[in-house]
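Participant: Sequence:
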Amino acid sequence: MLFAPYLLLLATLLLSLDPISAFPMALDSSSQKLSNTTYGPIPGQSSYYSNYNGTFPPFPANITAPILPTASGDPGPDDELWQNLLSAEWIVYSFYQQAVELFNTSSFTALGLPNTTYQRIVEIRDNEAGHLRIFQDQISATSIKPGACKYQYPFTTPDVFLPFVSFIEVSSMAFITGLAEQAKLNSSKGALVAIGETESRHNTWSLIDIWNISPFAGPADTSYPYANQILDLTNVFVVNGSCPVENPTYPAPRQNLPRFASANGTKSVAPGSRLVIEFTEPDNQPQFCAEKDYYAVYFHGVSNITVPFDPKTNSMTIPAEFEAKGLILGVITDEPGAPTLESCLAGPQIFLQQPGQFGVVLSSSL
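Using mature numbering (1 follows the signal peptide of the UniProt record, and there is no 0), the letters of the sequence shown correspond one by one to residues -22 to -1, 1 to 344.
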């Protein structure tokens, strides 16, 4: 048994390793293993989704292929909702994973930020990986569980990355509240609220530690009823043609509304600001009729306010009545209040209020 001492030494070394750190490389790479909900660390029962500190993608993000159905039959009542959310979560998780791989502690301390900043980003990345697993497990065995695409994000430096943290977190809260309105099962509604609470914690940390401002957004964060429209905005980060062919349309159903952005020269997106907007997709432009009235409907908190929209000048005003907290969502409609999905003609656009100094930049570029 010439190799016995070496085998014993190898076993000793493996046992001495942190099992959390070692876990990603140890798993079978087959995505079908993930159809077993007990495979790998279980969110809420394992500390893995809080304490994994590696730069290698954590489980289940180290297995990026779609998970094919393992049973026949009708889809679950909320399968489409969870498929949409899983596809969105791949985008959010990958945003943080790219930052974990690109930066380190000194990247942020060089900006004068706390020496815990990088570690908090790692922890958020871990939470988002846990969301991937939760959403995979929510989809029934009769439906496909979407895999990862390739993604591009508009940052290479930490100072550009950080404003997007607040943007992504508050956007997540807005579409999660909308999805809760769509959910058919009470268990789905409860799970969505629980996920939204975690996203709120992420944003609270960012506002306090990064921006040194109050984390409070007033008595209610913004709720928007048409979650898929917000999800569609995140397609800007998806590399065209990179998604697995097995993936369902994202989001489904998809309206593919024309996008709009604040025009160059915009000074403010705070309440009371007069805006001129640009429709940014040459091949996807709204069609306006001269004899009809059009509106910009703004959502903030749990209410909305309608103002006139002039399609000749593409101008509108953000309601001065709103508190400059959290985010404001604006959509172009042909009916006051945007009472139906079909009444929405373009947008929505997100006008970030906290940290307010980035609201113009983000609404002009996304």
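Be careful, since some hints might not be right.
[To be verified] Beta-carbon label-pair distances, calculated as ranges:
#, residue 1, residue 2, range
1, 245, 10, 52 to 60 Å
2, 284, 10, 17 to 25 Å
3, 203, 87, 39 to 47 Å
4, 261, 285, 26 to 34 Å
[To be verified] Straight-line C-alpha distance at most 20 Å; calculated SDA-like pairs for lysine to any residue:
#, residue 1, residue 2
5, 167, 190
6, 167, 284
7, 290, 214
8, 11, 31
9, 303, 264
10, 245, 164
11, 128, 214
12, 303, 214
13, 270, 284
Source of the hints: derived by calculation from the structure; they are not laboratory data.
Bear in mind that the values here come from a model prediction, so they are computed numbers and not experimental data.
No residue lacks a Cβ here, since even glycine has one placed at the ideal position from N, Cα and C.
Participant: Out of the numbered hints, which ones does the structure contradict?
Facilitator: 2, 5, 6, 7, 8, 9, 10 and 12
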